[in-house]
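Let the sequences and hints guide you as you build the complete structure.
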Amino acid sequence: MEEPRRLGDRYEIGAVLGRGGMAEVYMGRDIRLGRSVAVKTLRADLARDPTFQARFRREAQSAASLNHPAIVAVYDTGEDYIDGISIPYIVMEYVDGSTLRELLHSGRRLLPERALEMTAGVLQALEYSHRNGIIHRDIKPANVMLTRQGTVKVMDFGIARSMADNGMTMTQTAAVIGTAQYLSPEQARGETVDARTDLYSTGCLLYELLTERPPFIGDSPVAVAYQHVREDPLPPSTFDPEVSPTIDSIVLKSLAKNPDNRYQSADEMRADIERALHGLPVGAPSVMAAPMGADPATQYLPPTAGGATQVIPAHGQGPAGGQYELDDNDRRRDEPKKSRGGAWILLALACIAVLVAAFFIGKTLMGDGEDKSAAVPTLTGKTLEEATKAVDNAGFKINMNNDPSQCPKDATGTKGTICKQTPTAGGSAKKGDTIQVWAFGGPKKTTVPPGLKGASEEDATKKLKDAGLLADPVRSQTLTNCTRDTVCSTSPDAGAELNEGDKVTLNIFTGKTQVQVPQVIGLSYDDAKAKLENLGFKVTKSSDQYTTEKPAGQVFKQSENAGSKVNEGGTINLTVSKGPAPATTAPPATGTPGGNTGTSSPPPSGGNNQGGGSGSNPLMGGDLRGGHGNWPN
Numbered sequence: 001m002e003e004p005r006r007l008g009d010r011y012e013i014g015a016v017l018g019r020g021g022m023a024e025v026y027m028g029r030d031i032r033l034g035r036s037v038a039v040k041t042l043r044a045d046l047a048r049d050p051t052f053q054a055r056f057r058r059e060a061q062s063a064a065s066l067n068h069p070a071i072v073a074v075y076d077t078g079e080d081y082i083d084g085i086s087i088p089y090i091v092m093e094y095v096d097g098s099t100l101r102e103l104l105h106s107g108r109r110l111l112p113e114r115a116l117e118m119t120a121g122v123l124q125a126l127e128y129s130h131r132n133g134i135i136h137r138d139i140k141p142a143n144v145m146l147t148r149q150g151t152v153k154v155m156d157f158g159i160a161r162s163m164a165d166n167g168m169t170m171t172q173t174a175a176v177i178g179t180a181q182y183l184s185p186e187q188a189r190g191e192t193v194d195a196r197t198d199l200y201s202t203g204c205l206l207y208e209l210l211t212e213r214p215p216f217i218g219d220s221p222v223a224v225a226y227q228h229v230r231e232d233p234l235p236p237s238t239f240d241p242e243v244s245p246t247i248d249s250i251v252l253k254s255l256a257k258n259p260d261n262r263y264q265s266a267d268e269m270r271a272d273i274e275r276a277l278h279g280l281p282v283g284a285p286s287v288m289a290a291p292m293g294a295d296p297a298t299q300y301l302p303p304t305a306g307g308a309t310q311v312i313p314a315h316g317q318g319p320a321g322g323q324y325e326l327d328d329n330d331r332r333r334d335e336p337k338k339s340r341g342g343a344w345i346l347l348a349l350a351c352i353a354v355l356v357a358a359f360f361i362g363k364t365l366m367g368d369g370e371d372k373s374a375a376v377p378t379l380t381g382k383t384l385e386e387a388t389k390a391v392d393n394a395g396f397k398i399n400m401n402n403d404p405s406q407c408p409k410d411a412t413g414t415k416g417t418i419c420k421q422t423p424t425a426g427g428s429a430k431k432g433d434t435i436q437v438w439a440f441g442g443p444k445k446t447t448v449p450p451g452l453k454g455a456s457e458e459d460a461t462k463k464l465k466d467a468g469l470l471a472d473p474v475r476s477q478t479l480t481n482c483t484r485d486t487v488c489s490t491s492p493d494a495g496a497e498l499n500e501g502d503k504v505t506l507n508i509f510t511g512k513t514q515v516q517v518p519q520v521i522g523l524s525y526d527d528a529k530a531k532l533e534n535l536g537f538k539v540t541k542s543s544d545q546y547t548t549e550k551p552a553g554q555v556f557k558q559s560e561n562a563g564s565k566v567n568e569g570g571t572i573n574l575t576v577s578k579g580p581a582p583a584t585t586a587p588p589a590t591g592t593p594g595g596n597t598g599t600s601s602p603p604p605s606g607g608n609n610q611g612g613g614s615g616s617n618p619l620m621g622g623d624l625r626g627g628h629g630n631w632p633n
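Quick note, the sequence shown lines up with residues 1 to 633 if you use the UniProt record's numbering.
If you're looking for bench data, these hints aren't it; they were derived computationally from the structure. Note that CB positions come from ideal geometry on N, CA and C, so glycine has one too. It cannot be assumed that every hint is accurate.
[Stated by the list, open to error] Restricting the straight-line Cα-Cα distance to at most 27 Å, the calculated cross-link-like pairs of lysine-lysine (DSSO-like) are:
no., residue 1, residue 2
1, Lys529, Lys565
2, Lys382, Lys453
3, Lys465, Lys415
4, Lys382, Lys445
5, Lys531, Lys512
6, Lys578, Lys512
7, Lys430, Lys420
8, Lys565, Lys531
9, Lys463, Lys503
10, Lys462, Lys389
11, Lys431, Lys257
12, Lys389, Lys453
13, Lys420, Lys397
14, Lys541, Lys529
15, Lys397, Lys415
16, Lys541, Lys557
17, Lys415, Lys389
18, Lys465, Lys389
19, Lys382, Lys430
20, Lys503, Lys462
21, Lys397, Lys257
22, Lys512, Lys382
23, Lys453, Lys463
24, Lys578, Lys541
25, Lys397, Lys431
26, Lys389, Lys463
27, Lys557, Lys531
28, Lys420, Lys431
29, Lys512, Lys538
30, Lys415, Lys503
31, Lys503, Lys382
32, Lys453, Lys512
33, Lys531, Lys578
34, Lys512, Lys389
35, Lys565, Lys541
[Stated by the list, open to error] Simulated DEER-style distance windows between Cβ atoms:
no., residue 1, residue 2, range
36, Glu385, Asn534, 53 to 61 Å
37, Gln149, Lys415, 38 to 46 Å
38, His278, Ser564, 41 to 49 Å
39, Ser405, Thr505, 29 to 37 Å
40, Asn561, Ile31, 15 to 23 Å
Structural data, given as C-alpha cells:
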C-alpha cells in the first residue's frame with residue numbers, strides 16, 4: 001500500500017476537495033493532534049512565478065492574524081519542495097459543509113430571511129477583519145462556507161491587504177482584482193479601496209442569494225465591470241416579489257456607486273439587516289417601485305444559453321430584416337406634395353413632441369435629479385417607527401436627536417413620541433433630505449431582561465426581542481464555567497437600561513475541541529507521556545504497582561481508554577508496572593519462646609534426658625525428649 005503524501009512530517013494529504021485559479025485544496029489529517037484539516041497548496045505550475053508566491057504568502061499572513069468564529073481558521077503554514085521548487089501550503093480548519101456557490105447551483109431557493117441571516121454572518125466576519133485592518137477584496141459565494149449547522153465562515157483572503165496600504169490600487173503590481181460579478185466600481189476603475197469595497201461585494205452576494213442571479217450580467221468580465229461603474233441595478237424584488245421594499249433598500253444602499261453613499265461599516269449594514277429581520281425600521285432610504293406601464297426601453301433579458309448577449313430591437317424595427325413595412329401613409333409620403341409649407345409645420349410640431357416626450361421619458365428613467373421635492377409629512381405625536389414609515393413613503397430620511405429639552409414647553413405626549421420636527425410639516429423639501437426629530441424623553445427605554453445566562457441562543461434571542469432589543473451572538477470555545485451551547489454572559493448585564501433596538505452581546509460557549517486518546521499501554525512512561533503531551537493532554541502518574549500484565553517500566557493502565565475523546569488540555573493518569581511481585585519464602589528455623597535448643601551430648605550421670613538431647617526447659621514444665629529445640633525431627 002502506497003504511503004500517503006506527508007507535509008512537514010505532520011500533515012497527511014488525502015483527496016482533493018477543490019481546485020481554484022491558483023491553488024488546490026486537499027483533505028488532510030494532522031497526525032500530531034489527530035484532527036482533520038484542509039491543506040491548501042499553490043499549484044505547481046504557478047510556483048515558479050514570484051507574483052503568485054507573494055500572493056499566496058500574503059493570504060497566509062492575512063488569515064493567520066484573524067481569529068474569529070465566522071472566519072476559517074489558519075492553523076499552520078509551511079513549504080514543500082518538489083523537484084527543487086518551493087510549494088507553499090496553508091493548513092486550515094476543515095469545515096464540514098459547502099460553499100454558497102454550491103448552494104446556489106443546487107437549485108434550492110432561499111427564503112429572503114435566510115439570505116439576510118447568511119449575509120449577517122459574512123458581515124460579522126468583515127466587521128472583525130476591518131477592525132484588525134484587513135480588507136478581503138474578493139467576497140463572493142465561492143469564498144463563503146456554510147456548515148452543516150447553518151453557520152457561515154468566510155475564507156480565502158488571497159488578495160486581502162492591510163488598510164495601512166493606502167496607496168495600493170487594484171491594478172498595481174499585477175495583483176488579481178477579484179471576480180467581475182462582485183467587483184466594486186472603485187476596483188473596476190483601479191482606484192484605492194477601503195472597507196466599503198467589501199460592503200459593495202457583500203451587497204452583490206446578498207443580491208444573488210435573493211434572486212439567484214448577480215446584479216449585473218454580461219458576455220465578458222469587461223462588460224460586467226462597465227455595468228458596475230455606469231449602470232444602476234434593478235431592485236431584487238423585480239425578480240422575486242417576496243423580497244420586501246425594506247430588503248430592496250438595504251441591497252441598493254450597499255450597491256451605491258459612490259462609497260460615501262454606501263454603508264460606512266460592516267456593523268452599520270449588519271444592524272440594518274438585524275432590524276429588517278425583526279420588523280424594525282432601517283436606516284437605508286426606501287426604494288420607489290417602477291411605475292406600471294413604464295417605458296419598456298430598458299429591459300432585463302435572462303441569460304441565454306452559452307452566455308450570448310441578446311439584442312433588443314430598435315423602436316419601430318419590423319420583422320423583415322429590421323426594415324419598416326410601408327403603410328398607406330408611408331406611400332403617400334413618396335407622392336408629390338401640393339403644399340410643402342404644411343409639411344414643414346407638421347415636421348416642427350413632430351420635433352417639439354419628440355423633445356417633450358424625451359424630457360418626460362428622461363425624468364421617468366433618470367428621476368428628477370436635485371430639483372425633485374415633496375411635502376414634508378406631519379411627524380409630531382408619532383412613535384419613531386411610525387415616523388420612519390411616513391418619512392420613507394415621502395422619500396426622506398429621518399434622524400432622531402436625543403435631547404428632550406428641545407420639546408416645546410406647552411407640548412404634551414407620551415415618552416418616545418415625537419414632539420418637534422425640522423423642517424415643519426406642510427413645507428417642501430428635496431427628496432432624500434433628512435428630517436430632524438426630537439421625542440419626549442428621547443428614544444423609548446428598556447432593560448436587559450433576566451434569565452439570559454444559561455439559556456440557549458434561541459431562547460435568549462426571543463427574550464431580547466420581547467424586550468425590544470437585538471441579539472448579537474459571539475461564539476467561543478474558551479469560555480469557562482458554562483454549559484455547552486448556552487449563554488455564558490451578556491454585555492451589558494441583566495437589568496442594564498438601553499434604548500429599544502440596541503444590541504446585547506450574547507457570549508455563547510460552543511464547547512472545546514475534543515481529541516482522540518491514543519493507546520499508550522505497553523509504552524515506557526517517558527514515551528507515553530511525550531505522545532500524550534504532543535496531542536495537548538496533561539499527564540499525571542500514579543504510584544508504580546506490581547503486576548504481571550506488563551514488564552517493569554511499561555504503562556499497564558491509562559485513565560482514559562484508547563479511542564475515547566477528551567477535551568484538548570484534559571488530564572490523563574498513567575500507572576506503570578513494577579514487574580511481578582516477589583515470591584513469598586518460609587522464615588529461617590528458630591526456637592520458640594517455650595523451647596530450648598541445644599546440641600546432643602551424653603547426659604551427665606543421673607540425668608533425666610532419656611532421648612539423648614541436652615538440657616531441660618523449666619518454662620515448659622517438662623523435658624525435651626530427643627531432637628533439637630521445639631521443631632519436630
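Query - Hint numbers not upheld by this structure, sorted from lowest to highest - result: 2, 6, 12, 22, 34
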